[in-house]
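J.: One-letter residues, chain by chain:
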Amino acid sequence: MSSLTEKDRPIVQLLLSTGTCPRCILRFCCVGSQMLYRQPHKDLMKDLQEFLKSSQEKEDPVCLDVADPPCKRLRLEHGGEGADGVNHNGAIPSADNGNSATESSAVKVCNVCLGILQEFCEADFVKKVCQKVNSADFQFTSFVFSVSLPPQLSVREHAAWLGVKQQMRNLGLPLAKDDIIQLKEAYKWIIHPQLSEELGVPADGKSLFEVSVVFAHPETDEECHFLATACPDCFKPAKNKQSVFTRMAVIKALEKIKEEDFLKHFPCPPSSPKNLCDALEIQCNNGAVFVAGRYNKYSRNLPQTPWIIDGERKLESSVEELISERLMAEFKADSFNFSSSGREDVDVRTLGNGRPFAIELVNPRRIRFTAEEMRRLQQAINDSSDKIQVRDLQLVTREAIGRMKEGEEEKTKTYSALIWTDKAIQREDIAFLDGIKELRLEQKTPLRVLHRRPLAVRCRLIHTMRAEFIDQHHFRLHLKTQAGTYIKEFVHGDFGRTKPNIGSLLNRTADILELDVESVDVDWPPTLSD
Amino acid sequence: MRNGEAWPLPPTPPVQLSSGRGAALAPSPAEGAPFTVPSGAHGKTGGGAQCHALVHTVGHGGLDLRVLVFCRICVITLAEAHPLLQSGKTIKNINYQISANCSRLQNKVSGKSKRGAQFLTELAPLCRISSSDGEEYTIYSCIRGRLIEVNENILSNPALLQEKPSTEGYIAVVLPKFEESKSITQGLLTQKEYEEVLLKRRSSAS
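Here the protein sequences line up with chains A and B, keeping their order.
Just so you know, we're using this note's numbering here: the first sequence kicks off at 1 and counts up by one.
Just so you know, we're using this note's numbering here: the second sequence kicks off at 1 and counts up by one.
Note that these hints are calculated values from the structure, not bench results.
Errors might be hidden in some of the hints.
[Said to hold, decoys possible] Quick list of simulated restraints, FRET-style, between CB atoms:
#1 A:E312 x B:S110: 32 to 38 Å
#2 B:E152 x A:E210: 55 to 61 Å
#3 A:R453 x B:E195: 31 to 37 Å
[Stated by the list, open to error] Think about it this way: if two alpha-carbon atoms lie no more than 35 Å apart in a straight line, the pair counts; the simulated DSBU-like pairs of lysine-lysine are:
#4 B:K112 x A:K314
#5 A:K236 x A:K177
#6 B:K182 x A:K387
#7 B:K182 x A:K314
#8 A:K405 x B:K112
#9 A:K108 x A:K165
#10 A:K165 x A:K7
#11 A:K499 x B:K192
#12 A:K499 x B:K182
#13 A:K387 x B:K112
#14 B:K114 x A:K411
#15 B:K192 x A:K314
#16 B:K112 x A:K411
#17 A:K423 x B:K92
#18 B:K114 x A:K480
#19 A:K480 x B:K112
#20 B:K108 x A:K405
#21 A:K499 x B:K177
#22 B:K92 x A:K499
#23 B:K89 x A:K423
#24 A:K236 x A:K274
#25 A:K499 x B:K114
#26 A:K274 x A:K188
#27 A:K274 x A:K128
#28 A:K423 x B:K200
Even for Gly, the Cβ is constructed at its ideal location relative to N, Cα and C.
Chain A with its partners taken away, still in its complex shape:
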């Protein structure tokens, strides 16, 4: 339990008489006891008035009790201060001490917090927030409550502090701005337990479920504007921001501006506003959830991502849509981001144990899924289409995605290509391919992607090859290559821009008829035993 001491008296005196609410007063007195702030603000007001009335000669610190004893409250309700004698603290209340603030401050909006530490700590507001949360139907186990305050609060705080600082300087007692309890911190001390109780889950700074409130006070919006003339370099118009007076910019300017300049432009103490702040938006947002797996692609007519040109869809569906559709429905997310460890062309199949992929589900309403539920989800996706199949479907962390992407650059892939040659071939003509190891290619950016990629030469390795004779004009080539190798171009040579190529190796013209990915050699995500 914290206490107000004699040195706090002038602060309390000054702030109470200029229209500051009890909780802000406690903040300026550097009171660090969270419980104290949670007291109803009317009670705190009375306590402060009691404190002021207590004798100035009293040496012992006056303690503010956590629970008001009924007799004290009763006494004050009867309007008299201490005609009955000693109050429970043992102090003799004096007859005339700053009482003028009493009647009006119960109704007055605080000139420092604009009502944030007043009405917006009350049960009504808490109920309003919780109603919004409950109606949004999110699944969560904890919450983080984030609050956006209008920038003019910093200006008013600064003004109030300057006033108090002056007062304290005269008494030889320094008061550093850093020692004052932050408004946001005090607000969270008060509101977290109430929210926590209503929602039934704890507050946790690391929680993925965010309840956010934006406060605004249009009445005083222009109070920051003088800072732009005083410190113009702090206020640069940013592209995406509506107002140039952001909290950060205002705080920066307040640090820079000299005391005299500030006091020239802004009243100290700050004026009492007519209205409370408005709580503009109460929003709920769940942190993204990540689902990973491996997919097989059995269609030669399916793009990775939706193929839409000029608003017209050129090919039906896509790998990412076929996989994410069910996930979006089950997780009830707003949107998704699909990524995979490399990708294949529309006309290429992905066989073997498939290609690793990960889907970020943005703002999901449901986040908890058991292994069994994931299995059923996987089955549902597989039942819905014969063009793709997924396996090893599981929830993963954001960090795990990095493992997938490193696979794209580093790991090997194996392919199977059906090759046509113009001149006839015999078995002997292609047998030598089996013996070629670590074949070094130089591939210029293929013509088919040159319109959207930089022109460059890529050195890539074909680790091993194995040729399977089919007939005089056809054979199947199995190859294991470095990641990032253009297989089609290795077969047909891309106008001689990939060297060597199958055509040059066989001294014929070759073209590729079919390509399959046999394996993507990345051992992520972890294989799940079914």
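We have chain A already, so just place chain B on it with the hints.
T.: Same frame as chain A, but now just chain B:
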């Protein structure tokens, strides 16, 4: 190679026999094989790059050039009726130095948008090719856009130009501006239209 002399005037603008339309993927008779445009000839490539083969008829004497289009990328090649592809012609020299200050070999591009590229109009010369019988032929861009690359393989191996004019013997790669990429096919002839032109030429010659 006659250095220092002005290039001959470009030939008269192309004769528009019919407005070029989107194209058929057609076989190239000169090479006697299914048209192995490196696009996975039996369908689209994964990127959907369809090759449209279009032919540009340039002036008289059948100085025909063919443009292969992949998405937006244009590959400039000799067309089958070009004199250099007729029997008996031996290539003596290929020169990418088109003026004292400009060599196509010095073209450098960077980034996705191919910054720094030499900009070409339809009648900008790409190179001059001289044959052993003393003739000289200028190969023009046909396409307005940025020069991406010229084929250096034909410098070291001029036979490629005659043996595989539509693939390894290509001349240059040009990238038109995005806004103009759809309109480049206009003014060029499809394979079918080109063959009709050839027929007419042969009948008028005989």
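J.: Compare the distance between the alpha carbons of K499 of chain A and K192 of chain B with 35 Å, and conclude whether the hinted pair is satisfied.
T.: holds, 33 Å
J.: Measure nothing beyond the straight line between the CA atoms of K89 of chain B and K423 of chain A; if it is 35 Å or shorter, mark the hint as holding.
T.: holds, 25 Å
J.: Given the proposed pairing of K182 of chain B with K314 of chain A, does the C-alpha separation stay at or below 35 Å?
T.: Holds, because 17 Å separates the two Cα atoms, which is no more than 35 Å.
J.: Within 35 Å, alpha carbon to alpha carbon, are K387 of chain A and K112 of chain B?
T.: holds, 33 Å
J.: Tell me if the straight-line CA distance from K192 of chain B to K314 of chain A falls inside 35 Å.
T.: holds, 27 Å
J.: Keeping to a limit of 35 Å between CA atoms, is the pair of K480 of chain A and K112 of chain B held or broken?
T.: holds, 29 Å
J.: Is it true that the CA of K165 of chain A sits at most 35 Å from the CA of K7 of chain A?
T.: holds, 13 Å
J.: Go ahead and decide if the range 31 to 37 Å is satisfied by the Cβ distance of R453 of chain A to E195 of chain B.
T.: Check passed, 35 Å falls within 31 to 37 Å.
J.: Is the Cα-Cα distance between K499 of chain A and K182 of chain B 35 Å or less?
T.: holds, 32 Å
J.: Given the hint that K274 of chain A pairs with K128 of chain A, test it: the Cα-Cα distance must not exceed 35 Å.
T.: holds, 23 Å
J.: Does the beta carbon distance between E312 of chain A and S110 of chain B stay inside 32 to 38 Å, or does it fall outside?
T.: Holds: the Cβ-Cβ distance is about 33 Å, inside 32 to 38 Å.
J.: Hey, K108 of chain B versus K405 of chain A, does the alpha-carbon distance stay inside 35 Å?
T.: holds, 31 Å
Figure legend: structure checked against the earlier numbered hints; every hint is met.
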